[in-house]
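Participant: Single-letter residue listing:
2 protein chains.
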Amino acid sequence: MESKLEVTEILKRYSADIDQEINRALETVDPDTLRQASDHLVKAGGKKLRPSLVVLSAEAVGGEVESALKTGAAVELIHTFSLIHDDIMDQDEKRRGKPSVHVLWGEPMAILAGDTLFSKAFATVMKSEDDGVAPENILPALHTVVDSCVKICEGQALDMGFAERTDVREEEYLTMIYKKTAALIAAATKAGAILGGGTPEQVEALSEYGRLIGMAFQIQDDYLDVASSEDDLGKPVGSDIVEGKMTLLVVNALSKSSAEDRERLLTILKEDGDEHVGEAMEIMEKYGSIHYAWQVAQEDVNQAKELLLEVLDESPARDALLKIADFVLERSH
Amino acid sequence: MESKLEVTEILKRYSADIDQEINRALETVDPDTLRQASDHLVKAGGKKLRPSLVVLSAEAVGGEVESALKTGAAVELIHTFSLIHDDIMDQDEKRRGKPSVHVLWGEPMAILAGDTLFSKAFATVMKSEDDGVAPENILPALHTVVDSCVKICEGQALDMGFAERTDVREEEYLTMIYKKTAALIAAATKAGAILGGGTPEQVEALSEYGRLIGMAFQIQDDYLDVASSEDDLGKPVGSDIVEGKMTLLVVNALSKSSAEDRERLLTILKEDGDEHVGEAMEIMEKYGSIHYAWQVAQEDVNQAKELLLEVLDESPARDALLKIADFVLERSH
Numbered sequence: 001m002e003s004k005l006e007v008t009e010i011l012k013r014y015s016a017d018i019d020q021e022i023n024r025a026l027e028t029v030d031p032d033t034l035r036q037a038s039d040h041l042v043k044a045g046g047k048k049l050r051p052s053l054v055v056l057s058a059e060a061v062g063g064e065v066e067s068a069l070k071t072g073a074a075v076e077l078i079h080t081f082s083l084i085h086d087d088i089m090d091q092d093e094k095r096r097g098k099p100s101v102h103v104l105w106g107e108p109m110a111i112l113a114g115d116t117l118f119s120k121a122f123a124t125v126m127k128s129e130d131d132g133v134a135p136e137n138i139l140p141a142l143h144t145v146v147d148s149c150v151k152i153c154e155g156q157a158l159d160m161g162f163a164e165r166t167d168v169r170e171e172e173y174l175t176m177i178y179k180k181t182a183a184l185i186a187a188a189t190k191a192g193a194i195l196g197g198g199t200p201e202q203v204e205a206l207s208e209y210g211r212l213i214g215m216a217f218q219i220q221d222d223y224l225d226v227a228s229s230e231d232d233l234g235k236p237v238g239s240d241i242v243e244g245k246m247t248l249l250v251v252n253a254l255s256k257s258s259a260e261d262r263e264r265l266l267t268i269l270k271e272d273g274d275e276h277v278g279e280a281m282e283i284m285e286k287y288g289s290i291h292y293a294w295q296v297a298q299e300d301v302n303q304a305k306e307l308l309l310e311v312l313d314e315s316p317a318r319d320a321l322l323k324i325a326d327f328v329l330e331r332s333h
Numbered sequence: 001m002e003s004k005l006e007v008t009e010i011l012k013r014y015s016a017d018i019d020q021e022i023n024r025a026l027e028t029v030d031p032d033t034l035r036q037a038s039d040h041l042v043k044a045g046g047k048k049l050r051p052s053l054v055v056l057s058a059e060a061v062g063g064e065v066e067s068a069l070k071t072g073a074a075v076e077l078i079h080t081f082s083l084i085h086d087d088i089m090d091q092d093e094k095r096r097g098k099p100s101v102h103v104l105w106g107e108p109m110a111i112l113a114g115d116t117l118f119s120k121a122f123a124t125v126m127k128s129e130d131d132g133v134a135p136e137n138i139l140p141a142l143h144t145v146v147d148s149c150v151k152i153c154e155g156q157a158l159d160m161g162f163a164e165r166t167d168v169r170e171e172e173y174l175t176m177i178y179k180k181t182a183a184l185i186a187a188a189t190k191a192g193a194i195l196g197g198g199t200p201e202q203v204e205a206l207s208e209y210g211r212l213i214g215m216a217f218q219i220q221d222d223y224l225d226v227a228s229s230e231d232d233l234g235k236p237v238g239s240d241i242v243e244g245k246m247t248l249l250v251v252n253a254l255s256k257s258s259a260e261d262r263e264r265l266l267t268i269l270k271e272d273g274d275e276h277v278g279e280a281m282e283i284m285e286k287y288g289s290i291h292y293a294w295q296v297a298q299e300d301v302n303q304a305k306e307l308l309l310e311v312l313d314e315s316p317a318r319d320a321l322l323k324i325a326d327f328v329l330e331r332s333h
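Chain order of the listed sequences is U and H. Mapping of the first sequence onto the working numbering: position 101 corresponds to residue 101, and the numbering continues sequentially without gaps. Mapping of the second sequence onto the working numbering: position 281 corresponds to residue 281, and the numbering continues sequentially without gaps.
One thing to keep in mind: the hints can contain errors.
Restraint ranges, calculated between C-beta atoms of paired labels, are given here [unchecked claim]:
(1) Pro31(H) / Leu266(U): 19 to 29 Å
(2) Thr28(H) / Leu266(U): 56 to 66 Å
(3) Gly273(U) / Pro31(H): 28 to 38 Å
One side of the interface only, derived from the structure: several residues of chain U facing chain H at Cβ under 10 Å [said to hold, decoys possible]:
(4) Val65
(5) His85
(6) Met109
(7) Lys120
(8) Lys151
(9) Thr166
(10) Val168
(11) Glu170
(12) Leu174
(13) Lys179
It is worth saying that the hints were derived from the structure and are not from the lab. Where a beta carbon is used, it is the ideal one built from N, C-alpha and C, also for glycine.
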């Protein structure tokens, strides 16, 4: 719990500056309706994990906070854009405890709000020039961020495709979560390292650190859905099973189980309602799939931390990045 | 008709190279469904006016075709992205004579396909480095393109807002079509001039040329809807009136007409069906609004051409740009 509190403090440290950059990016959006729809979800909170990673990565390689703030804001805008569009696609009506953008403004305006955040994100990275960042650093940082956007789209398309399949291989699942979740986190840490003037070795290691904690973040989500409590999750245990989602636990159990258990698990996943959630969890437990997911997340985090220790000198920023890696596993939801 | 044929030839000249760049940008998109949804509308044709303007603008200031091809492809990708999302928002089921992307793949995949084209557009501009374009030219070209994307979103939001209003002023209408249509065309010619190494004066003039022909393009569309024939339009005369759209003709007539004519025109615009289209056209005619729209488009095109003659030496590319300006008015649909 202690490191969780500390991480919350770390993330808060840059929040005000990041928020200011986001506000600057969005305050000129016109007409009013589009501006409101665009900044609704940004203002609804969020941990600001991704922008903090940009700034900390820049600091960890010896760069200035200032050089990375706009790109940090941009990464948060991209994250928010993808949430708004995902909520339309998945017909999710709530986000961050508030009604989704499409619930409040309708789907057309929500599509546009996402597109606006997306456009503003790239414009914001380019404005780093105003903060004294050299064009030869802006271009590769922007390249990194743009490449991750293609991956986010591909990841969401893969995830949508999984809904109709029962034969998803673990490798495919890992590719999906890499693209959908980890790629943007890797872009955050890589872009930060570039903007902070890191060596190629540092840039590569921070990129990989971001990818690994991003993977662990999603896998831990999968794990907690069955291994945590309703109090900690803020939703019933086994919600993923009720929704019939492909998770690392499910994919792993399906690959190892007897024909009979496999059929039974698939049947439960297809069912509406939570009547047989416990039985599905027993099948996953029987094949060690719950522990397996926990283990994969642990290993990813350990590897992420080792990489940092190899290429970075000791500093408060490195310390913060190490704590964030642990935090990914200590979250209760 | 002759210049129309010539312009078709001009646009064809770069088509193959542009298509190749677009294919390169999209061929790696994965999974297959997302790639197919993303390139459906690109492959459905289109005049390739915008990418040709990028290339011709580069050439007109003395630059190489090669330097502008990727940004040309990017501008076409952005245009296509906006069509795909607009078709979802407006529930249009056909585009370029084929079913819209959301009709074929569903709305979620269509949203994603648009997002993918959008991401790939920026990535493609940045890849201009592979064609030997200097980073100090890529950044401002990219800035230009990104800024126009924010405007496209704002223009669409303004247009959506007009649907509920009866008091749209001419100035607001012009701002809407500038953002929704002309801004991307201005970005095409400006980015081309930047990539071709134009002087600041040339860049500014080509940007303004693009804006003016973009405005004329939309206003001419408004004009032809009532002044052309069903054969030339490929749809019934007065379709905009049936749809109740705010056009320059409507906005102008509403601002000049008697209280009685104003009420009548508004009533007809709100009606379903085409019963009173002729009467609406008579009201517009009575206040000179049809001729007015024609005149505004003419003046925009004339001014656009004058600007080119002021800053560009004679060349085949300048000649082509002048012809394209005329072509905007000679289109029959």
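Participant: Now, for every hint given, state plainly whether the structure supports it.
Facilitator: How the hints compare with the structure:
1. Pro31(H) / Leu266(U): 19 to 29 Å: The hint (19 to 29 Å, Cβ to Cβ) holds, given that proline 31(H) and leucine 266(U) are roughly 22 Å apart.
2. Thr28(H) / Leu266(U): 56 to 66 Å: Violated, since threonine 28(H) and leucine 266(U) (Cβ atoms, about 32 Å apart) do not stay within the stated range.
3. Gly273(U) / Pro31(H): 28 to 38 Å: 30 Å, holds
4. Val65: 23 Å, violated
5. His85: 5 Å, holds
6. Met109: With a closest approach of 7 Å, the methionine 109(U) hint holds.
7. Lys120: 6 Å, holds
8. Lys151: Hint holds; lysine 151(U) Cβ to chain H Cβ min 9 Å, cut 10 Å.
9. Thr166: 17 Å, violated
10. Val168: The hint is violated - valine 168(U) has no Cβ within 10 Å of chain H, the shortest such distance being about 12 Å.
11. Glu170: 17 Å, violated
12. Leu174: 14 Å, violated
13. Lys179: Cβ of lysine 179(U) sits 9 Å from chain H, so the hint holds.
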